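Engineer: Kindly produce the complete structure, drawing on both the sequences and the hints.
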Amino acid sequence: MLRTLLLLLVLSFPLAFSLPDQSQSCVTNMNIPFTGYKIEYQLNLQRFEGSYHLLYCNDNKLLYDVNLNNSIPWTLPINFSSLSSENSNTLVLARRKSFALRSIPIFMPNTLIGSLYYGEGLDNIQFKPLNNTSTLQSIPLLASNIFRNWVELNYKLNFIYHVPILTTPGVDSKRFNFGFFESNKIENNWNKYISIQEEYNYNYDSRVFIRHAIDNALGHVSLMINGSKLLRWKFNQINLSGKETAIADKIWWKFILLSRVMKEDVFSNMIRKFDSFFRY
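Residues -18 to -1, 1 to 262 in mature numbering (1 follows the signal peptide of the UniProt record, and there is no 0) are what the sequence shown lists, from first letter to last.
Hints listed in this document are in silico derivations from the structure and should not be mistaken for laboratory results. In this text the structure is predicted, and so the values were computed from the model without any measurement. All residues carry an ideal CB built from backbone N, CA and C; glycine is no exception. Warning: the hint list may mix true and false statements.
Unchecked claim - In silico lysine-lysine, BS3-like type, Cα no more than 25 Å apart, as pairs:
no., residue 1, residue 2
1, K232, K245
2, K138, K232
3, K232, K255
4, K245, K79
5, K236, K255
6, K138, K43
7, K245, K255
8, K79, K174
Said to hold, decoys possible - Cβ pair distances, simulated, as ranges:
no., residue 1, residue 2, range
9, G101, V243, 20 to 30 Å
10, L139, K255, 30 to 40 Å
11, N185, D41, 43 to 53 Å
12, V248, Q28, 41 to 51 Å
13, M12, N183, 16 to 26 Å
14, S5, N140, 13 to 23 Å
Structural biologist: Next comes the structure, spelled out in structure tokens:
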């Protein structure tokens, strides 16, 4: 285990010390500050435990980091504050029909995945799914580029990988502007087909579809890992700890390893194939 961590330190040294804190997760462009929300997966290699996090950034600085635990709570209110009066900090995330069945949030970069809802309609709400008649404001949730993951060496000398998953468009976005968010305009109804409760109709047994998709995708990734002696060794070294780990942790670790040895265009092609397995 120690040899693995030392090897990772050598490979990741430039990234680990490129910024003094976790604000690196907020940086899309050093010259254009980002303000908005992001969702990322954080994997602690010392414990080999991962969790999803909702971040709020302002001018490339991390202000809030909410631990969502081992899954993204789609359709459920997420509160940044323990004070019930601070309703402006309550958000709801929902996906498009094409992605609502996906248990592993791996998407093609810049794809419109869903919507982030906010507004006075969340006042005094209990932590349960909202109905589709709730009147809220919303902004797009776009897929981030997971190839641009980075490693942090925290104050406990633990390696923590940060994998970007979703982001809202910010002032750095070249694809959207703030006027685009006004989805109540007739010519700008980008979220017309997004259900805040993700109530969609499917004409087949979705469980069978997802099971086959997962098997195909994981088989493809495992073949790539096993084809490299170095990657196979690094993956097996983590597993030597003897701890039972979640499937998601193993999957993300495989993608992290592949992102370290592949060129970005090759990695993107792999993600495209993975995405196609789950596409409805």
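Engineer: Find the hints from earlier in the document that the structure breaks and name them by number, from lowest to highest.
Structural biologist: 4, 9, 12, 13
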